Amino acid sequence: MITSLASRHMSKNMGMSSESPISDAAEGTAKAVLDWSSDKIHAFVEKLRNRKLAFICDEATIATVREEYNSGEAKFYETYIEDKDILFQVRMGLALRKLERDKKRLRDLRERIYKKYKIKGLHIAEFVQTGILHRYIGLLIGGMRSLEEFKKDIIEVLVNIEKHVLFVQEASKTADMVQKASNIIDANSPDIFVVSGIGDAAKIADESGKKLEIMQRDYKVERISGEDEVIFFFKRFVKF
Amino acid sequence: MELISLKGTSLKTKLAILKELGYGSDGDYVLRSSGEKVVDKYIDIPVRVDHMVILPGSEVILDDNELSISSYVEEYGNVL
Chain E
3 MITSLASRHM SKNMGMSSES PISDAAEGTA KAVLDWSSDK IHAFVEKLRN
53 RKLAFICDEA TIATVREEYN SGEAKFYETY IEDKDILFQV RMGLALRKLE
103 RDKKRLRDLR ERIYKKYKIK GLHIAEFVQT GILHRYIGLL IGGMRSLEEF
153 KKDIIEVLVN IEKHVLFVQE ASKTADMVQK ASNIIDANSP DIFVVSGIGD
203 AAKIADESGK KLEIMQRDYK VERISGEDEV IFFFKRFVKF
Chain Y
52 MELISLKGTS LKTKLAILKE LGYGSDGDYV LRSSGEKVVD KYIDIPVRVD
102 HMVILPGSEV ILDDNELSIS SYVEEYGNVL
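Quick note, the sequences are listed as chains E and Y, same order.
Take the first sequence: its letters are residues 3 to 242, numbered as in this note's numbering.
Take the second sequence: its letters are residues 52 to 131, numbered as in this note's numbering.
You can take every hint at face value.
Quick partial rundown of chain E residues pointing at chain Y, CB under 10 Å, derived from the structure:
| hint | residue |
| --- | --- |
| 1 | 47 |
| 2 | 59 |
| 3 | 117 |
Below 30 Å or equal to it, Euclidean Cα-Cα: the simulated BS3-like pairs (lysine-lysine) are:
| hint | chain 1 | residue 1 | chain 2 | residue 2 |
| --- | --- | --- | --- | --- |
| 4 | Y | 92 | Y | 65 |
| 5 | E | 105 | Y | 65 |
| 6 | E | 77 | E | 153 |
| 7 | Y | 65 | E | 118 |
| 8 | E | 122 | E | 175 |
| 9 | E | 106 | Y | 65 |
| 10 | Y | 63 | E | 42 |
| 11 | E | 117 | E | 77 |
| 12 | Y | 88 | E | 49 |
| 13 | E | 54 | Y | 63 |
| 14 | E | 118 | E | 77 |
| 15 | E | 117 | Y | 58 |
| 16 | Y | 70 | E | 49 |
| 17 | E | 118 | Y | 92 |
| 18 | E | 122 | E | 154 |
| 19 | E | 49 | Y | 58 |
Calculated directly from the structure, the hints in this document are not laboratory data.
Predicted model only: the values in this text are computed from it and were never measured.
Glycine included, each C-beta is placed from N, C-alpha and C at the ideal position.
So that you can see chain Y by itself, here it is in the shape it has in the complex (with noise of 0.2 Å):
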């Protein structure tokens, strides 16, 4: 699998991004369509733009942190 860091990459790179997975920003956070934030499922908070990772899985979008992509790997195997 193809892997690319959007660590220093544009804001305005990172909102295209998520506007072609169909969702929004506040500047902050991730944004639902409804305006609700995304929320990473394995911890339980809200997922910042700049800390974001979109994982492949019905675009799981999570924190970047070791405890949810382990999840991740977890639930939709050793992908990575």
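So here's chain E without its partners, still in its complex pose (with noise of 0.2 Å):
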């Protein structure tokens, strides 16, 4: 259970009944707050260094990591993806996903990620905030021929994804993404090749998806797009 210090002290200035067992352990520590004694702290760190107290600070950073390794989507992954630094990586995106509605922590998770696991990372969490790992799994899953073969699929786009994911920025050129992608294909010939763009840089990816659609007859081609992010598909497909 988490509970705020603060919230607390309103709960118990707003006469919340005593029959809430949540309002009666608010009140309990409301009053431990208000007359913290050095006994009082001290029994809080003894707590903490027996590992059973935690002090945090924002609830909602332990909420976004809880999902992170609790909810159904991150228990898939942790089936399938043995790697535990790629797995890490995959489990930031759950947490960027988590703050797509948080402008400034959505910024800040990025850049740590960045800072930590430079362009790579980043984009292994995009690919997973932006549900294509979701999609790129379903892919997969249909011409899957065995479940190690799979998971090696699925280490395999993630450990190299510069040669299976062109990730468009804002001030991307439309004609620059359709050749960058161009030489992916050719010099990687991925089974599966993913163009995706968020943000201001949808509509670009939207156009070098096209163009690229047109010029790629091996693959085909499926087209996702969503509020601001739009997501190419390409697959390989052999005539016999």
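Reassemble the complex: the two chains are provided individually, in unrelated frames, and hints are given to aid placement.
As structure tokens, then:
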């Protein structure tokens, strides 16, 4: 249970029912706050040292972290992604998604991911944030031959994300993106290739994906668009 | 595990908690007894008193952000 010292104080002053276990707990700690003697602080610190208590700051941060680890999607990735470092970057993507409505926190976390994991780590996180990994896994499942191969394919796309995904930036030019995507496809012949653009980059991604679709005859194309994003999935098909 | 939010708590209370743990502050940042700023070991930035979390496990003092706390979970287990 997360208890906020400030909110407890407010609850007490607002006269919440003592029958509520939440307000009871709240009032209990509000009193502790109001007369936080050195003895009280000592007791809290002892609990901290005994691993029974943690002092947190913003409850929303904890809620986001919990979702990174406890959501169904997180559990799914935990099952199929065995590389701990990559899995952590995937979790960061779940956190980014959770923060999408809070632009400042979203930007702050993006910066921290970039600082620690460079552009590749940020791209892995964005790959998850935008739901591309969802869809990508759906396509993999469609052609799955074995569980081991499935796991290997997921890791392959994440570890070598720049060979499988083109992240269009808002400052990108359509012609450059089409050229870059063509170069990546020609060099790596990926079974699945993704062109993604979010926010101001969505329009450029859309134009790039449509031009690329005309050029890449060996791929079936699926276009997904959302509120401020456009994603193209190019899936290679072979004629026999 | 019981979680106590320090958000909205007075500076005086936070400083008292830090003192009990053997740390100090210059009013902005958390300081070690030697006077050095405490650095969030996961993202390598000094920890501000108004943005600190104190987690079990050798009294880990971190900045309040998703990356640091997730890194803590990775190291110490999903205890939160």
